[in-house]
Amino acid sequence: MRKVLILFVVLLLSYVLLAENQLEIFSWWTGGGEEEGLLALFDVFHKYYPDVEIINATVAGGAGTNAKAVLKTRMIGGNPPDSFQVHGGMELIDTYVVTGMMEPITWLLEEWGIKDKFPEDILKICSYEGEVYSIPVNVHRGNVVFYNKAILEKAGIKELPTTWPEFFEVLKKVKAAGYVPLALGDKNKWTATHLFEDILLSTLGPYNYNGLWNGRTSFEHQGVKEALEIFIELMKYVNENHASLTWQDATLLVFEGKAAFNVMGDWAEGYLKTLGWTPGKEFGWMVVPGTKGAFMVVTDTFGLPKNAPHRENAIKWLKIISSVEGQDTFNPIKGSIPARIDADRSLYDDYLIWSMNDFATNALCPSIIHGSAAPEAFATALNDAINMFVTTKDLKKTHKIIIYAAEDYLE
Amino acid sequence: MVQIKGSTRRKLVGFLILLPTLVSLGVFVYVFIGWTVGVSFSNWNSFSKLIKGEYIFTGLRNYMRLFEDPRFQTDLWNTLFFTLFFIAGCLSLGIILAVLIDKGLKGSRVFQSIFLFPMAISFVVTGTVWSWIFAPGILPKFPQGMNLLFKLMGLQALQWRWYTSTTSILHFNLALIPVIIAAIWQLSGYTMAMYLAGLRGIDQALIEAAKVDGATDRQIFWRIKFPILRPITLSAMIILGHISLKIFDLVYSMTGSGPNNVTDVPAIYMFETTFRANRYATGSAIAIIMLVMVAVVIVPYLVTSIKKEV
Numbered sequence: 202m203r204k205v206l207i208l209f210v211v212l213l214l215s216y217v218l219l220a221e222n223q224l225e226i227f228s229w230w231t232g233g234g235e236e237e238g239l240l241a242l243f244d245v246f247h248k249y250y251p252d253v254e255i256i257n258a259t260v261a262g263g264a265g266t267n268a269k270a271v272l273k274t275r276m277i278g279g280n281p282p283d284s285f286q287v288h289g290g291m292e293l294i295d296t297y298v299v300t301g302m303m304e305p306i307t308w309l310l311e312e313w314g315i316k317d318k319f320p321e322d323i324l325k326i327c328s329y330e331g332e333v334y335s336i337p338v339n340v341h342r343g344n345v346v347f348y349n350k351a352i353l354e355k356a357g358i359k360e361l362p363t364t365w366p367e368f369f370e371v372l373k374k375v376k377a378a379g380y381v382p383l384a385l386g387d388k389n390k391w392t393a394t395h396l397f398e399d400i401l402l403s404t405l406g407p408y409n410y411n412g413l414w415n416g417r418t419s420f421e422h423q424g425v426k427e428a429l430e431i432f433i434e435l436m437k438y439v440n441e442n443h444a445s446l447t448w449q450d451a452t453l454l455v456f457e458g459k460a461a462f463n464v465m466g467d468w469a470e471g472y473l474k475t476l477g478w479t480p481g482k483e484f485g486w487m488v489v490p491g492t493k494g495a496f497m498v499v500t501d502t503f504g505l506p507k508n509a510p511h512r513e514n515a516i517k518w519l520k521i522i523s524s525v526e527g528q529d530t531f532n533p534i535k536g537s538i539p540a541r542i543d544a545d546r547s548l549y550d551d552y553l554i555w556s557m558n559d560f561a562t563n564a565l566c567p568s569i570i571h572g573s574a575a576p577e578a579f580a581t582a583l584n585d586a587i588n589m590f591v592t593t594k595d596l597k598k599t600h601k602i603i604i605y606a607a608e609d610y611l612e
Numbered sequence: 031m032v033q034i035k036g037s038t039r040r041k042l043v044g045f046l047i048l049l050p051t052l053v054s055l056g057v058f059v060y061v062f063i064g065w066t067v068g069v070s071f072s073n074w075n076s077f078s079k080l081i082k083g084e085y086i087f088t089g090l091r092n093y094m095r096l097f098e099d100p101r102f103q104t105d106l107w108n109t110l111f112f113t114l115f116f117i118a119g120c121l122s123l124g125i126i127l128a129v130l131i132d133k134g135l136k137g138s139r140v141f142q143s144i145f146l147f148p149m150a151i152s153f154v155v156t157g158t159v160w161s162w163i164f165a166p167g168i169l170p171k172f173p174q175g176m177n178l179l180f181k182l183m184g185l186q187a188l189q190w191r192w193y194t195s196t197t198s199i200l201h202f203n204l205a206l207i208p209v210i211i212a213a214i215w216q217l218s219g220y221t222m223a224m225y226l227a228g229l230r231g232i233d234q235a236l237i238e239a240a241k242v243d244g245a246t247d248r249q250i251f252w253r254i255k256f257p258i259l260r261p262i263t264l265s266a267m268i269i270l271g272h273i274s275l276k277i278f279d280l281v282y283s284m285t286g287s288g289p290n291n292v293t294d295v296p297a298i299y300m301f302e303t304t305f306r307a308n309r310y311a312t313g314s315a316i317a318i319i320m321l322v323m324v325a326v327v328i329v330p331y332l333v334t335s336i337k338k339e340v
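Order-wise, the sequence lines are chains A and B.
For the first sequence, my numbering gives the first residue as 202, with consecutive numbering after it.
For the second sequence, my numbering gives the first residue as 31, with consecutive numbering after it.
In case anyone wonders, no lab produced these hints; they're calculated from the structure.
Among the hints, erroneous ones may be present.
What the hints assert, rightly or not - Derived pair list, reagent style DSS-like, types lysine-lysine, alpha-carbon separation capped at 25 Å:
| hint | chain 1 | residue 1 | chain 2 | residue 2 |
| --- | --- | --- | --- | --- |
| 1 | A | Lys376 | B | Lys82 |
| 2 | B | Lys171 | A | Lys459 |
| 3 | A | Lys437 | B | Lys79 |
| 4 | A | Lys273 | B | Lys79 |
| 5 | A | Lys474 | A | Lys459 |
| 6 | A | Lys459 | A | Lys316 |
| 7 | B | Lys136 | B | Lys41 |
| 8 | A | Lys437 | A | Lys459 |
| 9 | A | Lys376 | B | Lys181 |
| 10 | A | Lys507 | B | Lys79 |
| 11 | A | Lys376 | A | Lys594 |
| 12 | A | Lys373 | B | Lys133 |
| 13 | A | Lys350 | B | Lys255 |
| 14 | A | Lys273 | B | Lys82 |
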């Protein structure tokens, strides 16, 4: 009896002592590629801090839909993880920074001397009132079109379209050749909105698009109407079963040789690679027509919540993910590009190199639907409006709903 | 020391044992229902307003806005039709299966287990599988699921867009049909089990007497067995009714809210407004409306059953 008691006390003590040196990282990276990337990051962390025990708190669900609900509950309940994944921009600022739940970390970037190693625009979307609140670990591009090279060849298309009229010509040719011109899978509504925001970027241009989020551009702008017109025109070339498919299913249509084009973020590139394709060989890519020179940014970041139980370890974590080594370990596996501009290019494939070149030179525009540009209430309202628009095709009403949503949810 | 009489003491002990349950039930159910009602009357339609907690009473504003909202109107129509067809389908299929199995044909026990089995599966699994079965595919070239089956059987005319259809007849969205079929598949086994228990419980002497009087099988069923099964129908309706009024997982995993919200239900709308858009007040209002709908079904039943017991 006594022995058992002693053993129990020892176990309890060791647990308490070990608990002192933990680090809880919250994310929704459970899918193919992303989980491996996260675990590789943990390995880098352990290389430098072998005695810290990492608690991998992941909540499954595409684009973090479930994880975000769990995280909000924990943050309100005063039980924050040591650091958590959050899309840079309004998802971070509007939800957690304005409400005073995050610590500013500009001083860390300055202390480590890496503040100028990130593009200014990307730090800007992670900042509020002059202070940086999170560190981007990767960048995804939203305005990319992937295509099946064999189908384009069969349809006799030699030049890639760069404007909408050209693109429609190409889509017509593909349709005549007997293929689905443009693959869409909007069973989960965001993919249609993803397509719409890319069109919006093309009709407004980066300057006016970015102006939507600081009041410089109004949603009554002619470009918003034009975007809706183009969107409707595009719907004529979409697979009619789009409402029963997910984004993966839509990408799969391109892979199976049924559809020619697919507008998707570049996680689709990662998916095509896992299916066995090589970038540039079986599939090619281009920017969404009319968006040359603009880069739709989707970025995952990590910040420092106030009252983090293991603040020192959280800072160590931030140091690792912001280092070149951390970013170059994570991103080639996840299939995204590093947020730092001084990363090692030899580690990335042709597509990602192309993306990195554009990232360094293009105008950066935050994505709406991936949480960067606007508060979540606006993104959800836009999602609803576009979802109805796909069916009703009521341009006037949809434009009005979008304007109302902007009045209600954008400051 | 005060002596406590045996029976009083037993009551006291019983009360003390129940106390934690009563307290937690009170707090975690009723206090939180009250809290939700409070939130639904507030202006808490963003995360920061919730955190700051400055409560501004807005009265019925959130409710008024909801009833003007076309999406919520669709939701209510969908709930109505879903409930009607789902209950009717489960009850009729359940009674047919029960009567067939009650005849005691060979192998009926095996079928009984087979029919009851879907109930053991989670709605999420049912939804996922039936979403494959009813996926339309790219028509007419690459049909999928049922459409492929129709093609193989030469019944091309039957191919249609299933839950991606946006056709609506008198507010009934045809896209709901596949969802209703999946729901009936899931729960008609349950009604079958209920009816089977009812049929087995009927006093055989009653049937014999009717036979002696020269009643036909049909008459025996409609005049004797069916009226006896009425309470079972009622309780099955209540169970199925509250399931369909708050259904979420089946629809969410099978179709989501569908094109133009053709398969949207209040629970999905509530989930999206609360946990995605951070519009807690609106979300609470939807939740309260759902609670009222379920209460309308459940409360009269509870009242009658309590009356019976007393």
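To see whether the hints hold, each was checked on the structure:
A C-alpha spacing of about 55 Å is found between A/Lys376 and B/Lys82, which places the hinted pair above 25 Å, so the restraint is violated. With a C-alpha separation of about 10 Å, the suggested pair B/Lys171 and A/Lys459 falls inside the 25 Å cut-off, and the hint holds. This hinted pair does not check out: A/Lys437 and B/Lys79 have alpha carbons roughly 42 Å apart, beyond 25 Å. As the CA atoms of A/Lys273 and B/Lys79 are separated by approximately 14 Å, the hinted pair is consistent with the 25 Å bound.
Between A/Lys474 and A/Lys459 the CA atoms are separated by roughly 18 Å; this keeps the pair inside 25 Å, and the hint holds. The straight-line distance between the Cα atoms of A/Lys459 and A/Lys316 is roughly 46 Å, outside the 25 Å bound, and the hint therefore fails. A threshold of 25 Å between alpha carbons decides the hint, and for B/Lys136 with B/Lys41 the separation of about 52 Å lies outside it, so the pair is violated. Distance restraint check for A/Lys437 and A/Lys459: the Cα-Cα separation of roughly 16 Å lies within the 25 Å cut-off, and the hinted pair is therefore satisfied.
The straight-line distance between the Cα atoms of A/Lys376 and B/Lys181 is roughly 23 Å, inside the 25 Å bound, and the hint therefore holds. Note on A/Lys507 and B/Lys79: the hinted pairing holds, with a Cα-Cα distance of about 19 Å set against a maximum of 25 Å. Distance hint between A/Lys376 and A/Lys594 is fulfilled; the C-alpha atoms sit about 22 Å from each other, no more than 25 Å. Simply put, A/Lys373 and B/Lys133 have alpha-carbon atoms about 62 Å apart, too far for the 25 Å limit, and the pair is violated.
Only pairs whose Cα atoms come within 25 Å are accepted, and A/Lys350 paired with B/Lys255 is rejected, the gap being roughly 68 Å. Proposed proximity of A/Lys273 and B/Lys82 is supported: the alpha carbons are some 14 Å apart, at most 25 Å.
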